[in-house]
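Trainee: First residue of the sequence shown? That's 222 in this note's numbering, and the numbers climb one at a time after it.
Hints in this document: simulated from the structure, not taken from any laboratory. Careful: at least some of the hints might be erroneous.
Quick list of the computed label-pair ranges, beta carbon to beta carbon [to be verified]:
#, residue 1, residue 2, range
1, GLN424, ILE394, 35 to 45 Å
2, GLU429, GLY407, 26 to 36 Å
3, ARG422, PRO400, 31 to 41 Å
4, LEU381, ALA300, 26 to 36 Å
5, THR427, LEU327, 38 to 48 Å
6, LEU285, VAL305, 14 to 24 Å
7, THR427, LEU297, 47 to 57 Å
8, ARG291, GLU429, 44 to 54 Å
9, HIS288, PHE390, 38 to 48 Å
Every residue, glycine too, gets a C-beta built ideally from N, C-alpha and C.
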Amino acid sequence: MKATSPQQDLLRGIWRENPVLIQMLGLCPALAVTNSVKNSLAMGLATCFVLCGSSVLVSLCRRLIPHEVRISTYILIIATFVSVADMSLAALAPEVHKQLGAFIALIVVNCMILGRQEAFASKRPVGRALLDALGTGGGFVIAIVAMGVVRELLGSGSLLGVPVLGPDFEPWIVMILPPGGFLTLGFLLLALNARAARRERRQLATREGATSAALPSALAAGAARGDARGDARGDAAAREGAR
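Kindly produce the complete structure, drawing on both the sequences and the hints.
Mentor: Structure follows, in structure tokens:
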């Protein structure tokens, strides 16, 4: 496994390896429950809690879990934390729990969580596993809350239930329907890819500029070496003629 620093473990899941926007994982809840910021935040925090708890426990038990049954053991551990999250949300925010419905229970089969257990938590100490889980979970929360902001703002003209676009705004009903999730994700990916393309063009232009600036110096140095070799050959010929 490639060696990484603790800072890389924490930060890579937030941006460079964002589970939703880069790896396209966990799309079921990202598309289904992001019609409002409140639902997005609740789903994101529940998923982050499950990911952190299961990563810590898997890391603690990594030497005790038989290789042959590791996947089923991971799922059992994940299901335990999902049950805790489900009951806690039902007690603390029953209305949000009702709106999320079965999607809380479906965290059990979220491939993002299971993938981090298999790829990282089962091979790293507790501290590193927790940092990785916080980064990946944080990236998931950021992605689906961003989708929730766009969808609620355009679909209802509000944020967190508070009207912000005024009474003259005509809501885009499609944005709070399932197709709105695909549209929002597509526009976010378009923006990210456009940003990455601009950065790549700037880097390419910088490299080409550096190469162009270095070329005259290289040519001058080559010419100087050629002149020096010519002078050396002339001197050698003169000495040969003198003999």
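Trainee: Taking the hints in turn, state whether each one holds.
Mentor: Hint by hint, here is what the structure shows:
no. : hint                        : verdict
1   : GLN424 - ILE394: 35 to 45 Å : holds, 42 Å
2   : GLU429 - GLY407: 26 to 36 Å : holds, 32 Å
3   : ARG422 - PRO400: 31 to 41 Å : holds, 33 Å
4   : LEU381 - ALA300: 26 to 36 Å : holds, 31 Å
5   : THR427 - LEU327: 38 to 48 Å : holds, 46 Å
6   : LEU285 - VAL305: 14 to 24 Å : holds, 22 Å
7   : THR427 - LEU297: 47 to 57 Å : holds, 51 Å
8   : ARG291 - GLU429: 44 to 54 Å : holds, 49 Å
9   : HIS288 - PHE390: 38 to 48 Å : violated, 57 Å
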